[in-house]
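Participant: In case you want the letters, here they are:
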Amino acid sequence: MGSVHKDICVTVSETVSDALGEPVDALPPLSDAIHTDGLDAVVTNDRSHDVTVTFSYAGMRVLVHSDSTVYVCPLRASRTDSPDTYV
Amino acid sequence: MSSSDTESLTPDSVFELLSNHRRRMVLYYLRRNGGSVGMQELAKQIASMENDVPADELTSQQRKRVYVSLYQTHLPKMAEMDTIDYDKESGIVRLTERADDIDEYLTTNDRSTYPWTFHYLLLVIAGGDRAVFVRAGRSRLRRRPDASAGCWNPRHIRGFGRRTVLADSKQRRGDSDRTEPV
Chain A
1 MGSVHKDICV TVSETVSDAL GEPVDALPPL SDAIHTDGLD AVVTNDRSHD
51 VTVTFSYAGM RVLVHSDSTV YVCPLRASRT DSPDTYV
Chain B
1001 MSSSDTESLT PDSVFELLSN HRRRMVLYYL RRNGGSVGMQ ELAKQIASME
1051 NDVPADELTS QQRKRVYVSL YQTHLPKMAE MDTIDYDKES GIVRLTERAD
1101 DIDEYLTTND RSTYPWTFHY LLLVIAGGDR AVFVRAGRSR LRRRPDASAG
1151 CWNPRHIRGF GRRTVLADSK QRRGDSDRTE PV
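As you go down the protein sequences, you meet chains A and B in turn.
Its first residue numbered 1, the first sequence is counted upward by one per residue in my numbering.
Its first residue numbered 1001, the second sequence is counted upward by one per residue in my numbering.
It should be emphasised that the hints constitute simulated quantities derived from the structure, not laboratory data.
Check the hints yourself; a few may be wrong.
What the hints assert, rightly or not - Residues of chain B placed beyond 12 angstroms of chain A at every Cβ, according to the derived structure:
no.	residue
1	1032
2	1035
3	1096
4	1098
5	1100
6	1105
7	1116
Unchecked claim - Distance ranges between label pairs, derived from CB positions:
no.	chain 1	residue 1	chain 2	residue 2	range
8	A	37	B	1085	20 to 30 angstroms
9	A	52	B	1121	51 to 61 angstroms
10	A	55	B	1008	23 to 33 angstroms
11	B	1036	A	59	11 to 21 angstroms
12	A	21	B	1033	30 to 40 angstroms
13	A	20	B	1092	26 to 36 angstroms
14	A	75	B	1018	32 to 42 angstroms
If you're wondering where the values come from, they're calculated on a predicted model, not measured in any experiment.
Built from N, CA and C at the ideal position, the CB exists for glycine as well.
Working from the sequences, and respecting the hints, build out all of it.
Facilitator: Encoded structure:
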């Protein structure tokens, strides 16, 4: 097979894990927070797409952009502060 | 998405489950290896299939990405559909009886669920009616070239009949082997 997989869900889990300083195993299932197949479909190489999905997960506000950029910030700070973690 | 023990999986659920290659690989690996496996081993084997390298030559990153993907996304989804049991304490993943529902959708033969024999039979009947109609029409429009009425020619009706027989024998030839879900 050998193809490159987008794995945006893995990127989200790892980013949140890094931001919280907790192992991925300690996080709740991402599939409880969002339809993960749908999230996969948001990310594309087509630059004409400009889509951003926002959801909360494990006490964090998560933003996923269609160019596969992931932003994470604590839920309470999401209204005023700029994102403090990105990949 | 959750459903009771007595209900079988809906076609939508089955196709949703099968729409992802990693979920197909989970089913494939479990089917091939006795129906239960440790989470770490499962991630290793799937990463090996995906990256086309032997399991002991995987990088830790390759293994970890599959592990996180299964742990955070696919296994919870499959457990929610009751197609696997997943024990977080022991890390053991098991196929459930309900996973058998998926097999109905996976066959290697080309047997169609659409009743083609009936379909062609209807065409023969409909074609017969049209032939009568066209003959009546042609007697009134004698100067019309034959080619324009060719699609309703009785020879084609016999063609439909032959196709009916062929389609029927093709269906009978198929066997009921199950395919591998990858």
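Participant: If a hint holds in the structure, say so; if it doesn't, say that too.
Facilitator: Checked hints:
no., hint, result
1, 1032, "holds (16 angstroms)"
2, 1035, "holds (22 angstroms)"
3, 1096, "holds (18 angstroms)"
4, 1098, "holds (18 angstroms)"
5, 1100, "holds (23 angstroms)"
6, 1105, "holds (18 angstroms)"
7, 1116, "holds (33 angstroms)"
8, A:37 - B:1085: 20 to 30 angstroms, "holds (22 angstroms)"
9, A:52 - B:1121: 51 to 61 angstroms, "holds (55 angstroms)"
10, A:55 - B:1008: 23 to 33 angstroms, "holds (32 angstroms)"
11, B:1036 - A:59: 11 to 21 angstroms, "violated (34 angstroms)"
12, A:21 - B:1033: 30 to 40 angstroms, "holds (36 angstroms)"
13, A:20 - B:1092: 26 to 36 angstroms, "holds (27 angstroms)"
14, A:75 - B:1018: 32 to 42 angstroms, "holds (35 angstroms)"
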